[in-house]
Amino acid sequence: MALTDATDTGQNIPVQKPKRLFKNLASKIAAIPMVFTALVIFVGGTVWTIVYSFTSSGLLPRLKWVGLDQYERLWNSRKWLVSIENLAIYGICSLILTLVIGFTLAALLDRKVRGEGALRTIFLYPFALSFIVTGLIWQWILNPELGLQSVMRGIGWESFAFDPLNNSKLVMFGLLIAGLWQGTGLIMCIMLAGLRGIDEDIWKAARVDGIGTVKTYIRVIIPMMRPVFVTSLVLIGSGIVKLYDLVVAQTSGGPGLSSQVPAMYVMTSMFGGQNLGQGFAASTMMLVSVVIILVPWAILEFGGKKRG
Amino acid sequence: MTNSIEIKNLDLSFGAVKVLQDLNLNIGEGEFLVLLGSSGCGKSTLLNCIAGLLEVTDGQIFIKGKNVTWAEPSERGIGMVFQSYALYPQMTVKGNLSFGLKNARVPKDEIEKRVARAAEILQIEALLDRKPGALSGGQRQRVAIGRALVRDVDVFLFDEPLSNLDAKLRVDLRVELKRLHNQLQNTMVYVTHDQVEAMTLADRIAVMKGGKIMQLGTPDEIYNQPRNLYVADFIGSPSMNFLHGHLESGAFRVDDMVMPMVGYEFAAPQTADRPAVIGIRPEHVVTGELVKNAPLKFDAFVDLVEPMGSDTLVYAKLGQHSFRIRMDGQARVKEGETLEIGIDPSRASLFDRDTEDRL
Amino acid sequence: MANSDTMAAPAALAAGPRGPKPKRRMSRGNIMVYGTLLVFALYYALPLYVMIVTSLKGMPEIRLGNIFAPPMEVTFEPWVKAWSQACTGINCDGLSRGFSNSVRILIPSVIISVAVASVNGYALSMWKFKGSEVFFAILMIGAFIPYQIMLYPIVILLREAGLYGSLTGLVLVHVVFGMPINTLLFRNYFASIPEELFKAARVDGAGFWAIFFKIMLPMSLPIFVVSLIIQVTGIWNDFLFGASFTGPDLYPMTVQLNNIVNSVQGVKEYNVNMAATLLTGLVPLTIYFVSGKLFVRGIAAGAVKG
Chain A
1 MALTDATDTG QNIPVQKPKR LFKNLASKIA AIPMVFTALV IFVGGTVWTI
51 VYSFTSSGLL PRLKWVGLDQ YERLWNSRKW LVSIENLAIY GICSLILTLV
101 IGFTLAALLD RKVRGEGALR TIFLYPFALS FIVTGLIWQW ILNPELGLQS
151 VMRGIGWESF AFDPLNNSKL VMFGLLIAGL WQGTGLIMCI MLAGLRGIDE
201 DIWKAARVDG IGTVKTYIRV IIPMMRPVFV TSLVLIGSGI VKLYDLVVAQ
251 TSGGPGLSSQ VPAMYVMTSM FGGQNLGQGF AASTMMLVSV VIILVPWAIL
301 EFGGKKRG
Chain B
1 MTNSIEIKNL DLSFGAVKVL QDLNLNIGEG EFLVLLGSSG CGKSTLLNCI
51 AGLLEVTDGQ IFIKGKNVTW AEPSERGIGM VFQSYALYPQ MTVKGNLSFG
101 LKNARVPKDE IEKRVARAAE ILQIEALLDR KPGALSGGQR QRVAIGRALV
151 RDVDVFLFDE PLSNLDAKLR VDLRVELKRL HNQLQNTMVY VTHDQVEAMT
201 LADRIAVMKG GKIMQLGTPD EIYNQPRNLY VADFIGSPSM NFLHGHLESG
251 AFRVDDMVMP MVGYEFAAPQ TADRPAVIGI RPEHVVTGEL VKNAPLKFDA
301 FVDLVEPMGS DTLVYAKLGQ HSFRIRMDGQ ARVKEGETLE IGIDPSRASL
351 FDRDTEDRL
Chain C
1 MANSDTMAAP AALAAGPRGP KPKRRMSRGN IMVYGTLLVF ALYYALPLYV
51 MIVTSLKGMP EIRLGNIFAP PMEVTFEPWV KAWSQACTGI NCDGLSRGFS
101 NSVRILIPSV IISVAVASVN GYALSMWKFK GSEVFFAILM IGAFIPYQIM
151 LYPIVILLRE AGLYGSLTGL VLVHVVFGMP INTLLFRNYF ASIPEELFKA
201 ARVDGAGFWA IFFKIMLPMS LPIFVVSLII QVTGIWNDFL FGASFTGPDL
251 YPMTVQLNNI VNSVQGVKEY NVNMAATLLT GLVPLTIYFV SGKLFVRGIA
301 AGAVKG
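Going down the list, the protein sequences come from chains A, B and C.
In this text, residue positions in the first sequence follow the UniProt record's numbering: the first is 1, and each later residue adds one.
In this text, residue positions in the second sequence follow the UniProt record's numbering: the first is 1, and each later residue adds one.
In this text, residue positions in the third sequence follow the UniProt record's numbering: the first is 1, and each later residue adds one.
Derived by calculation from the structure, the hints in this document are not laboratory data.
Any given hint could turn out to be false.
In the DMTMM-like style, the derived pairs of lysine to aspartate or glutamate whose C-alpha atoms are separated by at most 25 Å in a straight line are [stated by the list, open to error]: (1) C:K293 / A:E200; (2) C:K128 / C:E196; (3) A:K17 / B:D11; (4) C:K214 / B:E110; (5) A:K23 / C:E195; (6) C:K130 / A:E301; (7) B:K64 / B:D152.
Nothing here was measured: the structure is a model prediction, and the numbers come from that model.
From just these sequences and the hints, can you work out the full model?
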């Protein structure tokens, strides 16, 4: 690369094709941190954990093969099953509600309302806050003695009962309220960008054809926004699998086991329970679930591009 | 004429796609060569290879006798002007002009001298302290040309430099470019898809298609003696009329029309009969008084008339074939009329229907 | 819903023109639109309001009830206590320790990760080499993999390097996990810069670093700000890495906050808790309200294309 500074004298001009390895050398050197991260941390780390999930590692990792034992134990553990069930409830509700609320808000804001900027600021600010802060805020608002329930009772609605955080059947919905509060603004923002990307003429054409507003959204606009929906789905989906901080802050997994989630199971097995093998097996299962979400998306996204 | 640029057996492929194939081209010292073709023909790719911005798969490139196939762009002794001007937005005009010289560690007073000279030639002295954002399209393109000028090189490469300008400015800058070439007398390689630019500017034109040069010749040769059907069809607007028929003992026959090719210069003596295509430019068809002197006369049925001011384009039927005729702007022709037309076979082009090459 | 309708309609009538052309009249559809928006605005805005008022009340007033009521007597004592005296169960020096830790983590992490990501994005968009796209793809997939699966191997790597439990180690972890999204951001930005500009610079004899520093950097200030916003909020809000890779002395603010609020010892002081929560949220909130459009642009750019 010393050649770059040579002037037009031409003394340094190579006559031979340069060696492969040294071609674009500066770029390759600059990319070393990226290559290290991709190969060592992301690929290496993932493979390492998967490999050790087939061992009996306890306090320390060791290569003593036990086949599928860890997975058998995992799927026989009540805590894990509860975690999966909780995540499924939270995940399905969160996915549907985030999409519905996100799209509705975006569509409403897109109708040239006054104060759009202020409303958007209000809808999105929770996204700037951490899950810890979110969890603590809602822990306070849902506090049965002093929070929302007591206010409603205070204004005369004596029988009002809403105490999800201390009710094992409702606790996931308590988390859901907080999760939606934090995350729907992002989806709204993405949806709004998608709506703004739609040609104004589509609306004119729909009006000329006499199609109603709601019908236009359902029949014309939403199908046109397929890629935006797919991206939102992937974002929401991968966020759900990672659900952890919120639970730690808001309920610490309780009452009892009733708000345990897989990520928490991993963390307690790995750092608290001195049960590394379980942690590795559980995190591998988390990876599997992400793969189940990602592979169809990748096929839709990148399989489609090849045809186009 | 010595060669300024020599390109030998150039190959370039991206994966399985061959963009340039076994391409050979010699460009003379001081020559203005235009690479002409529709998008995807490989003309810009070829220019980028000459500039060293694309790595060739095989073959060699010489500039002024030096093998520069593997040299960095800045080592090749070239200057380049781009379609989008590609001015550095955060630098002033002066900064743009001197950036390359600073990189080459040219002494400061020499930089000043060269920038001043380029600014004078291009009449942009008043703009030197402005940023590109504050310039008009035409001014920006002048600065872009200036950036090539200050490099004091013998070879200028232009990649569709006028395509982003509006029609009127394009004509003005085209004239200026020609004047600049006359003044500087350096080698210019110019890529465009605009045949008017090609015809007006070029000493020679290379018409490209599919990574190959279809014809290399002077604008006159390209226009009057297209070497194959593609070139014939590509050059000229409105494009050439083509009739598919047979060449039989020196006469072209289509349906019941016979056109003896009197005065036509065949590329090679024609012995056998063969399926052929005749190409007649709309502007080479004569009407009215002139028909009397034409070697061949036909009746055409007027289908549609497009008056364009300077001339009139008539869409007619010759037998069952559609046929365009370019007439004077004052011509009064009505749709539905029968029009007597005259054709001169010596100005027509004949092609083999299978090989598509000129006969 | 019914409430907000009746609230919105007279307001609009009062504001509407009284001239002969009553065009601005609130239609039924408009009432629906504004009503729904108002209800949601309350859902999003009230928690912040509740936090603020709670943090300004004394404990006796809180016990009286109504979290929505404004404070009768404003006190800043909870804020002082949250900052310097609140207990985590291990120590009792409040959030200030977490704050300074967070700052010490934040600054190097943000600088290094933005620098690395910008160079990555530049190399990936303008100086592609054989395999560069593959590494990028792995990086992008890595962004979706649950962090938990890579956590323990990183612990081992850091331990081997003698960095486990240190701030340097945590900084490295933040750099690694901030890389995918920010690299994507810079790559997309640089890819949108006309290729001809890059070519012109090469003809002008500029190499890899010269083009980066002299041509690209001055052009990409907005994207640097976007990346900065993403990194500052992301790293400030992190809990998982902070809790996994540091010890109690070096816990970042989020971990400290959680330990204070969810500490089982002593009487719950809700006003102090809310003040602490607000304090922790203050940095990202300030960035959000100050940066406005750039924040939106950042998440939209990162999300829609990712």
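- Task: Measure nothing beyond the straight line between the CA atoms of K17 (chain A) and D11 (chain B); if it is 25 Å or shorter, mark the hint as holding.
- Result: Status holds; Cα separation ~14 Å.
- Restraint check for K214 (chain C) with E110 (chain B), where alpha carbons must lie at most 25 Å apart: Judged against 25 Å, a Cα distance of about 22 Å means the pair holds.
- Task: Assess, step by step, whether the Cα of K293 (chain C) is no farther than 25 Å from the Cα of E200 (chain A), and give holds or violated.
- Result: This hinted pair holds, its Cα atoms lying about 23 Å apart.
- Item | Holds or violated: K130 (chain C) to E301 (chain A), with C-alpha atoms at most 25 Å apart | Between K130 (chain C) and E301 (chain A) the Cα gap is close to 23 Å, so the pair holds against 25 Å.
- Message: Would the hint linking K23 (chain A) and E195 (chain C) be met if the CA-CA limit is 25 Å?
- Response: Distance ~20 Å between K23 (chain A) and E195 (chain C) Cα, so the pair holds.
- Is the straight-line distance between the alpha-carbon of K128 (chain C) and that of E196 (chain C) 25 Å or less? holds, 16 Å
- Task: For the pair we were handed, K64 (chain B) and D152 (chain B), check the Cα-Cα distance against 25 Å.
- Result: The hint holds at about 14 Å.
Hint violations for this structure: none, all hints satisfied.
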